[in-house]
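Using the sequences plus the hints, can you model the full thing?
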Amino acid sequence: MTTVKFDPTKGPLKVCFDFTGPFFADYTYKLREANSNALADGPKPGDNKNTQDDCYLLPTPVEQNDGRKIVLSTDFVSPPAQKGMAYSIVATVSQNGTSIGSDTDSGTLTGDFQDSLLVIFLQKI
Amino acid sequence: MKKLYLLAPLILVASITYSQISFRQAADTMLLNFAIPDQPAFNALGTNPSNIIRPSNTRDLALAFSPFYTNGKVIIPPAFALDFSPGMMYLTKKPVNNYEKLYALYNTSISVGTNIDSAKKLNSIAVGLNMNVYNEGDQLKDKDYKNAVHAMLRERNDLRNTVMEQLLAQHAHDATPWADEDFEKGGKHYTDLQNAFTSQLALVDAHMGDRLDSLNKDFKAKHWNSRRVDVALAFVAGNTDSVIDKKMFFSKEMFWVTYSQPFTKYGQWLIGLNQQTARNYSNENFVINASLSSRVYVGNNRIKGFVELQGTYSNDSTLASHWSDLFNSGLEFTIKDFIWVSLDAGAKNWGVKGIKAEPYFTWDWKFTLPENFSLFK
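Chains as they are written, first to last, in my numbering: chain P, 437 to 561; chain D, 4 to 380.
Relax, there's no trap hidden among the hints.
Covered stretches of chain P, as calculated for chain D (at least 3 residues, CB under 8 Å): (1) 476-490; (2) 501-509; (3) 550-558.
With the C-beta cut set under 7 Å, the calculated list includes, among others, these residues of chain D facing chain P: (4) V99; (5) Q142; (6) L143; (7) V152; (8) H153; (9) L156; (10) N164; (11) A175; (12) E184; (13) F186.
Don't read these hints as lab results, they were simulated from the structure. Glycine included, every Cβ here is placed at the ideal spot set by N, Cα and C.
Okay, here's the thing in C-alpha cells:
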C-alpha cells in the first residue's frame, strides 16, 4: 500500500490506471471510505481493450477524500506467444494536472491468469 | 540413383508425417510459428538456391549458423547471423491497445550476418530487415479471441471482487477488521485471508484455467496456418581482403515478399516473390534476378516436410537473359523447442544450353530463445 498526500485547498483529485505490456486486463476500481469497508465510489469495471483513458475523478470537495483508499483490482493474461515478457500496472493520482503519487505492480507474464491489487491511501497535507 | 537421392527427404517426410503422427495429434501440438525462423541477412549470405523467405513470428533473438561439420571435419561455421527485434522491447513499454496501430513496428526484426568464403577469398557482411505486415493468426489482434479472453477476465475479476467483499464484510467486526491491505502481502490477516480466498476460488480458477487452455488450443488449431504477408530486405557488402575494412563494396541486395495461406487443414502454402541484384565478381557486372516460388509444407510443429517449385528470370550479361527453374524439397525439425535443423535437397536447371541440371544438398542450424524465456523482462 502506498500513501499519497494531497492539498485539500487545491483542485479535484484524479486517478488514472495504465497497463503496459502485451496482455489483456479487466479491472474493478473502488474508493473506500476512511476506516470502513463501505464504498465512497464504485465499484467501476473497466478494461484495456480500447485506447480511452482509464481515469476517474474523485468526489469533491477534495478534503473529504482524506483517509479514503483507492483500490484497483485487476485480472490479466497474455497470449502464449508473449509469455515471459514484462508487464506493468500503474495507478497514478494527480491534482491540478500534476502527479502527486503512484503505486505500481510489475513482473513477468506467465501465460496463465494473473491478478494484481493496488491500494493507495489518501492523506491530506 | 540421382532421382532416389532427390526423393529421399520426401519419402522420409511422408513416412513420418503420415504414419506416426495423426493429423489430429499434429493440430494439437502446432505452434503458430509453423515454419522455422528465417533471417534475411543469413539468407542473403547463404548458398541455398531457394529464394523464398519463410514466415515466422518475431522473436526477441534468433541465431543461424551454416553447418559446422563438413566432409568429416568440424569447422568454424563460415556463415553466421543474429536476428533481434527492437519492436518487441517497445511492446513491453506500451499499452496493448495500440498494438494494431503499430503492428508492423512490433513485428519487425533486424538481422546482421557475416560469411567467409575461403574458396573465393571473399568476406561478406549483411544487414537485413524482416517485417510481418499482415497476420490473421495473431492473438493480440484477433477480435474473437480478445473478446473471449476479456469475457473470462471480467468473470474472474467480478468473482474475485465478490469474494473479497464477502470476506471483508464477514470480518468487519473483528478486533482488527480485515481490509484491502490484507490482500497484499504484508497485511495483518494475509495468511488467513489467502486460505479463505483459496478455498472459495481454487475450483473456479482451475476450471477457468482449463477454459483458457482450451481457447488457446482451439485458436492454434484454427490459425496455425492462417493467411499472412511477410516482407524482407537485405544488403550485403563484401571484400576480398583478409580483414573487413574500408575496402568493402556493395555485393548484393535482396527483397522478398511471402504470402502464406492454409493448404487444407494440415499444411501451409507459401507463395514467394524475390528480387535480387548481385555483383558478378568475374566481370564486375551486376546480375538482376527475379523469382517466383511456391512451397507447400505438411507436418506438425516438431517436424515438417516441404516441396517447392521456383522459376527465376536472370538478366546476366555473361549468360544473356534466361529462365532457370528449381525443384526443392526438404525437412525442418526441432531437436529442442529452440534448436532447428533445416535440410534441403533438390536440383536446379540453369536453363542455359550446355549446362546440366545440378543436384544439391544443404543444411543449416537455427536457434531461437526458448518460448518461456524473454530478453525483455
